[in-house]
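Protein chains in written order, with UniProt numbering: chain C, 1 to 308; chain G, 1 to 308.
Where hints are given, some of them may not hold.
You can't tell identical chains apart in this list, so a pair holds if it fits in one copy or across any two.
[Stated by the list, open to error] Heads up, simulated SDA-like pairs for lysine to any residue below, C-alpha to C-alpha not over 20 Å straight-line:
{"#": "1", "residue 1": "Lys113", "residue 2": "Ser98"}
{"#": "2", "residue 1": "Lys55", "residue 2": "Ser22"}
{"#": "3", "residue 1": "Lys113", "residue 2": "Pro97"}
{"#": "4", "residue 1": "Lys55", "residue 2": "Glu222"}
{"#": "5", "residue 1": "Lys30", "residue 2": "Arg189"}
Hint data in this document are derived by calculation from the structure and do not stem from the laboratory.
Number of protein chains: 2
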Amino acid sequence: MTPSISTFTTRLSDAARIVEASLEALLSDKPASGEIARPPRLMAAMRHAALGGGKRLRPFLTLEAARLFGREGEGPLRAGCAVELLHCYSLVHDDLPSMDDDDLRRGRPTVHKAYDEATAILVGDALQTLAFEVLADPATAPDSAIRSDLVLGLARASGLGGMVGGQLLDLSAEGRYGPAEMDEADVRRLQMMKTGAILTFSVEAGAILGQADQAARGSLVEYGRALGAAFQVADDILDREASAEALGKRTGKDQDKGKATLVDLLGMEGARQECRQLVERADAALDAFGPRAQTLREAVRFVVERQV
Amino acid sequence: MTPSISTFTTRLSDAARIVEASLEALLSDKPASGEIARPPRLMAAMRHAALGGGKRLRPFLTLEAARLFGREGEGPLRAGCAVELLHCYSLVHDDLPSMDDDDLRRGRPTVHKAYDEATAILVGDALQTLAFEVLADPATAPDSAIRSDLVLGLARASGLGGMVGGQLLDLSAEGRYGPAEMDEADVRRLQMMKTGAILTFSVEAGAILGQADQAARGSLVEYGRALGAAFQVADDILDREASAEALGKRTGKDQDKGKATLVDLLGMEGARQECRQLVERADAALDAFGPRAQTLREAVRFVVERQV
Chain C
1 MTPSISTFTT RLSDAARIVE ASLEALLSDK PASGEIARPP RLMAAMRHAA
51 LGGGKRLRPF LTLEAARLFG REGEGPLRAG CAVELLHCYS LVHDDLPSMD
101 DDDLRRGRPT VHKAYDEATA ILVGDALQTL AFEVLADPAT APDSAIRSDL
151 VLGLARASGL GGMVGGQLLD LSAEGRYGPA EMDEADVRRL QMMKTGAILT
201 FSVEAGAILG QADQAARGSL VEYGRALGAA FQVADDILDR EASAEALGKR
251 TGKDQDKGKA TLVDLLGMEG ARQECRQLVE RADAALDAFG PRAQTLREAV
301 RFVVERQV
Chain G
1 MTPSISTFTT RLSDAARIVE ASLEALLSDK PASGEIARPP RLMAAMRHAA
51 LGGGKRLRPF LTLEAARLFG REGEGPLRAG CAVELLHCYS LVHDDLPSMD
101 DDDLRRGRPT VHKAYDEATA ILVGDALQTL AFEVLADPAT APDSAIRSDL
151 VLGLARASGL GGMVGGQLLD LSAEGRYGPA EMDEADVRRL QMMKTGAILT
201 FSVEAGAILG QADQAARGSL VEYGRALGAA FQVADDILDR EASAEALGKR
251 TGKDQDKGKA TLVDLLGMEG ARQECRQLVE RADAALDAFG PRAQTLREAV
301 RFVVERQV
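Make the full structure from the sequences, and use the hints.
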């Protein structure tokens, strides 16, 4: 491990620790202002879904992007937590029996296994709502224009034209709703929607908090898109290669379901080549930020080199 | 039918028509700004969930409350649609097999029956996201402070400390998660969370759009709470009385499931008496608005006198 990667993983795990603490506070049993009561069973199941694991890559990206503009502290942390809550909601619903039907997530029982299906649906619903509540709260940014921009960005990245739309396309790709012939453009669009849009927003959120000008915000969006695409190609490679044990979840799932991945379409070497090109694209997008963006440069390398 | 009620129902159905048209535009297949693509199957299922029926009481309340402050047009209409989208998402998820397991809604197949369970989960997820997207969009209000306030209010009313929390309590009240002994205070809290919070916010949204002062906003919240409580007592009475045919959905459901309602706790005459008191409370809250609030006074009467 190079010193740079070692520094990077320390930064990443330090961020994960403060994100965990912040999520824990958001998911306490104590009702917040404007709430009537928090049912303990719901809160326990939400904590099961959102705490105790994960690299917290998305909040890390928000924190690091905000830092480019000198923004640190509670605002970026809360915005990062909102993205993470949104991500956790998507995992809980994706794992449901009628969706991907997964029993394990990060080596632990999924929410519908540890609790029940109705609770898991409500947990996902409430995690989504909480994500928007956190963003709209003045504690995230005193400037309401920033808060509205964050809400709008997260909604567009995660809704019918983003993550949820991508999940529907993914179910269609299994052939559930009739024969599914997907070419390379279809697969890329599906991936951009299902996972790329939220990763891109994780980065853009930092630019919004930092009140970046159009050029800087555009560069970070471009970086986020390259990172999001790299994340997905790396995921396809991992899905093909890794053992179930190492991942703590079932693998080879896409193949089982007959879904085309970029590894099918480009071959393993083609997929690896694409990862390298995406890292270059991400680097190029960060040019204007100079050495300050070093951690983000390392983040995209981490994403393609990770083993889980 | 008194002339006043006849005017009221015309107003209500006129509002329902413009809300329907507005929802239809929001749920078109054409991607909006910032979206990658809208999968046609998802959009068709979302339209099935949100179009073609319903009194549109919640948007009506938003429109009428905003009108007290001279606000009309696109802003209140969009805010009302957001509340309606949120309401529709809750119906789709509540109808799921693991929740209330309903096959019919307004006399038509529920989304998981007309499509499938996975699609229904995603439809609910995407309707929720769209509600927040609509509120955060500058088209709803040029002032970002208003947009943030609307997002925050809807999130608090609908999340873990509001509607979703109430739904979890409702499942618990069926005895799913152990013996459920509910006293009057428990039943009232459950109802305030599950249905009252969103109805209250429907009214408050008009005050937010109208930049009402604290006193006027507080009066409208008080009116909304009385109306929300009246709605639920009337629902309990209807559930006990009405035939399945008239409602287009199964009735006597609460009794089937052994859930305590206010009719059980207060008796039928006690429940009717409570309705009358809540109408008075709602009227009193509107005192400061004088004759301008006449439609809202009629709205609470409509809520307790409705037969569906």
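Here is what the structure says about each hint:
no.: 1; hint: Lys113 / Ser98; in the structure: both (13 Å within a copy, 13 Å between copies)
no.: 2; hint: Lys55 / Ser22; in the structure: within (15 Å within a copy, 41 Å between copies)
no.: 3; hint: Lys113 / Pro97; in the structure: both (10 Å within a copy, 16 Å between copies)
no.: 4; hint: Lys55 / Glu222; in the structure: neither (22 Å within a copy, 45 Å between copies)
no.: 5; hint: Lys30 / Arg189; in the structure: between (41 Å within a copy, 16 Å between copies)
Checked against the numbered hints above, the structure breaks only hint 4 and satisfies the rest.
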